[in-house]
Amino acid sequence: MNPPAPAASDTTGLLCVGVGRAGNNLIQALAGRALAGIRLKSLGTAEFPEPAAGVELVPFGHDITRGFGCGGDLAHGRQAAEKDLGLIREAVRGAKVVVLLAGLGGGTGGGAGPMVARAASEAGALVVALVTTPFSFEAPLRHSNAKAALQALRAAADVVLCLSNTAASRMLDERTRLPEVMANSNAIIGEALSGLWRMLNCPGLVPIGVGTMERMLRGLHGESSFATVEGRGDNRAREAFELLQRHAFLQGDCSPGEAESVLVNIATNGDLRLDELEWLQRQFQGWCERARLVVGATDDPALNGRLSLTAVAARTGIVPVVSPAVAAVSAPVAAVPTPRYESSASVAPVILDGLDLDTGAPLRVKGLFTTSGEAPRKAAPSKTAGKRKAEQQNFNFDLVSKGRFEHTESTFFQGQNLDEPTFLRRGITLN
Amino acid sequence: MFNPGHLIVGLEIGTSKVCAAVGEIGSRGEVTVLGIGQARSRGVRKGEITDATKTDDDVRQAVAEAEDMANVEIQSVYLAVTGTHIRCQNSKGVQPIPTVDRTITREDVQAAIHNAKLVGCPNGFEVVDSVRQDFLVDDRPCDNPVDAVGARVEARVHVIHGNTNRIATARRVVEKLEIAVEKAVFGGLASALAVLTPEQKEQGAVVIDLGGGTTDYAFFHGGVLRHSGVLAVGGDHVTNDLANGLKLPLPQAEEIKLKLGRALVDPASKGEVHTLPRDNGLQPRTINVEHLQRIMHLRLEEILRIVATELAPHGALVSAGAGVFLCGGGARVNDIERLAEEIFQLPIGRAHVQNVSGPADVLGNPEFATAIGLVRYGAMREQRKPKRRWDFASTLSSILSR
Chain E
347 MNPPAPAASD
357 TTGLLCVGVG
367 RAGNNLIQAL
377 AGRALAGIRL
387 KSLGTAEFPE
397 PAAGVELVPF
407 GHDITRGFGC
417 GGDLAHGRQA
427 AEKDLGLIRE
437 AVRGAKVVVL
447 LAGLGGGTGG
457 GAGPMVARAA
467 SEAGALVVAL
477 VTTPFSFEAP
487 LRHSNAKAAL
497 QALRAAADVV
507 LCLSNTAASR
517 MLDERTRLPE
527 VMANSNAIIG
537 EALSGLWRML
547 NCPGLVPIGV
557 GTMERMLRGL
567 HGESSFATVE
577 GRGDNRAREA
587 FELLQRHAFL
597 QGDCSPGEAE
607 SVLVNIATNG
617 DLRLDELEWL
627 QRQFQGWCER
637 ARLVVGATDD
647 PALNGRLSLT
657 AVAARTGIVP
667 VVSPAVAAVS
677 APVAAVPTPR
687 YESSASVAPV
697 ILDGLDLDTG
707 APLRVKGLFT
717 TSGEAPRKAA
727 PSKTAGKRKA
737 EQQNFNFDLV
747 SKGRFEHTES
757 TFFQGQNLDE
767 PTFLRRGITL
777 N
Chain L
6 MFNPGHLIVG
16 LEIGTSKVCA
26 AVGEIGSRGE
36 VTVLGIGQAR
46 SRGVRKGEIT
56 DATKTDDDVR
66 QAVAEAEDMA
76 NVEIQSVYLA
86 VTGTHIRCQN
96 SKGVQPIPTV
106 DRTITREDVQ
116 AAIHNAKLVG
126 CPNGFEVVDS
136 VRQDFLVDDR
146 PCDNPVDAVG
156 ARVEARVHVI
166 HGNTNRIATA
176 RRVVEKLEIA
186 VEKAVFGGLA
196 SALAVLTPEQ
206 KEQGAVVIDL
216 GGGTTDYAFF
226 HGGVLRHSGV
236 LAVGGDHVTN
246 DLANGLKLPL
256 PQAEEIKLKL
266 GRALVDPASK
276 GEVHTLPRDN
286 GLQPRTINVE
296 HLQRIMHLRL
306 EEILRIVATE
316 LAPHGALVSA
326 GAGVFLCGGG
336 ARVNDIERLA
346 EEIFQLPIGR
356 AHVQNVSGPA
366 DVLGNPEFAT
376 AIGLVRYGAM
386 REQRKPKRRW
396 DFASTLSSIL
406 SR
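Sequence order for the protein chains is E and L. Under the working numbering, the first residue of the first sequence is numbered 347, with each subsequent residue one higher. Under the working numbering, the first residue of the second sequence is numbered 6, with each subsequent residue one higher.
Honestly, the hints are just simulated from the structure, not real lab data. Incorrect hints may appear among the rest.
Stated by the list, open to error - Keeping only pairs whose Cα atoms sit at most 25 angstroms apart, straight-line, the calculated DMTMM-like set for lysine to aspartate or glutamate is:
1) L:K97 - E:E635
2) L:K97 - E:D580
3) L:K22 - E:E755
4) L:K97 - E:D621
5) L:K97 - E:E755
6) L:K122 - E:E752
7) L:K252 - E:E624
8) L:K97 - E:D617
9) L:K188 - E:D646
10) L:K22 - E:D621
11) L:K59 - E:D621
12) L:K59 - L:E78
13) L:K181 - L:D284
14) L:K97 - L:D144
15) L:K122 - E:D621
Bound-form chain E, shown alone:
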């Protein structure tokens, strides 16, 4: 409806790339939103219908898929991307921030997605992957695909914002119609993207530029959580902050309190009050005591009296270690040997930059505690692995039960959940 102006796209360099069918759907939905200054591209192995205005379609891998898509095979998707790597590199050239949109359950999104992210990263862009994992009712294959793809993506992209459709659908009524369920997920992704766009693109007193974002997020390779909420009326700041605290995506491990970097953007239509900014700043400081926190404020005329809060909480993930030997072989990505794939199970693992592409498991010795349930069995083939310093991962389970307050609203004060025992929150050990 509102085709992005080319002049604006040059200044921000914000590029949105949809990969695969789900990615394409998201991009088409985005084309309807008035987000000036974002370039939209849709990469796919299947033949998509005519794109909406402002969306550039980049078909690839037709030699392999003959235009029928990957049929849910990760290996196929990866192979297609490898074959047409030149096309993909061309598509992401010149962008400062690449937002990758994909559904990870499918072959193209899951298989080619990480390759696109890597290509964009190599082209010098900050890569933010905004991806969805399948609904619980989908086939087990799609779930295992998504799991592998997510790990590969974490290694390739700077930040991975993952929307679990299973989690999102749990927030809905069971009797919600399927198109609405899908629309809901699209809306959440759309909201997150609008939030990112406001952070980077809208003018304001305290804008968060690409530079800040890059400094905060570059190289974390972790899974991040995000949420965008809106408040209105006199108490809008408080209302929005309370919504954010109770947001399903920011609970437990995903809470900004546990994050390493937290980016917050307060967007209004230019009527942000001093007391609101001050109050929010104080709340966030309390909530994210241990994190690097940046709070920005931008203007978006479309908000019209409402206050929109976007929070991105990023944590350090498993950093893929590039083994020198493997890296030398795979320096040009195209040089990776591409065996013929009969089925992904029957072939030897493909190793790219220290990452086992078939399982997506990074080749590294994990610390005493691993966050993912996978045993580090794949680490063995790499001889240099043993010499690397083991890093201790966070012990990842919910230690603090809510006890007596299981069914009550949590009490927050300056971002701390007061229902948790004080001595635990302060980290005081009873010897």
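Take the given structure of chain E and dock chain L to it, following the hints.
Coordinates of chain L only, in the frame set by chain E:
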């Protein structure tokens, strides 16, 4: 003016107990507590009803006990409300005076107060209480603006909002027992009314009600309520912390809190252990008393510090000359006064009910402050109430006297 022998009943549905106090207004307006009834509360968390059926029984039991003790029948009550949904704020309302002579009428003042009440009242919330603080006529302070001359009158009011549905839940529980609810009153305000004398309110005083599920606080200065609030953290949290830290089941943690609890870590108790009897044939458990005290100290310190942080912008830490008064079950914790003194740097006292007569053990019990405060609130409200239009006796007497 007074209706001698008029009964006023305060009912507090608290997190740890349900408490009903029956009071009688004397001929000169003095209040006497005739009876107290209490029952253990099972359906309330953090000051809000979570299981109305259980609460129903508990209220019935407490009311029956109070009726027995006072030998009266309870028909209506003043009901205390608290919880996370309560929001206290100072707001101001302005009323321009458009008339030619610019004389401020009582109606103008009422309109200004009304405007102040509506400020910042979110959807689904209602005004529980509003207490007037000051008036300004053309930006000059004024004690009583009625009949003053000015272009506008501004009212500063402390307004307490509460979630309509949650208050209705509490009302419904009481009304199911065929008892009318005269008014819902914020619990923190009621406790303060019970324990402060007019002089203390004038001089500046803070009342902190350390309840089971919530901590309610109120700050008076210059004779008016300057600020109040609710922190949905209370004795339950202390118990929960102990259960978590000492790895005890909740009932046992509660028992040990009452038995060994202390708000400060006693250096003498270092290395002291307490042995818990086990009746099911298992090995007896021992717990470290120092750890227990440390866990309690951290939690109670945090609660009081948050209250201090909330009250500081309103000048409570400098102008509460009469001191800080503690009531509720938390006021019974050993050394809590010393802990509060460290934090507030003000004189600290355990609250004692003022200006009410009754059995000494009832008045001296800090846990009954809210219920008795409700009786006082009711008495004050009765005094202010304009005479009813259809009061049969007065109508008759006025006809006869013609």
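Status of each hint after checking the structure:
1. L:K97 - E:E635: violated, 35 angstroms
2. L:K97 - E:D580: holds, 14 angstroms
3. L:K22 - E:E755: Between L:K22 and E:E755 the Cα gap is close to 21 angstroms, so the pair holds against 25 angstroms.
4. L:K97 - E:D621: holds, 17 angstroms
5. L:K97 - E:E755: violated, 31 angstroms
6. L:K122 - E:E752: Measuring from Cα to Cα gives roughly 35 angstroms; hence the hint is violated.
7. L:K252 - E:E624: Distance of about 40 angstroms is beyond 25 angstroms: violated.
8. L:K97 - E:D617: It holds: about 22 angstroms lies between the C-alpha atoms, which stays within 25 angstroms.
9. L:K188 - E:D646: Outside the cut-off at roughly 45 angstroms; violated.
10. L:K22 - E:D621: Roughly 39 angstroms separates the two Cα atoms, so the pair is violated.
11. L:K59 - E:D621: violated, 43 angstroms
12. L:K59 - L:E78: Answer holds: L:K59 to L:E78 is near 22 angstroms, not above 25 angstroms.
13. L:K181 - L:D284: violated, 41 angstroms
14. L:K97 - L:D144: Judged against 25 angstroms, a Cα distance of about 12 angstroms means the pair holds.
15. L:K122 - E:D621: holds, 21 angstroms
Of the numbered hints stated above, those contradicted by the structure are hints 1, 5, 6, 7, 9, 10, 11, 13, listed in ascending order.
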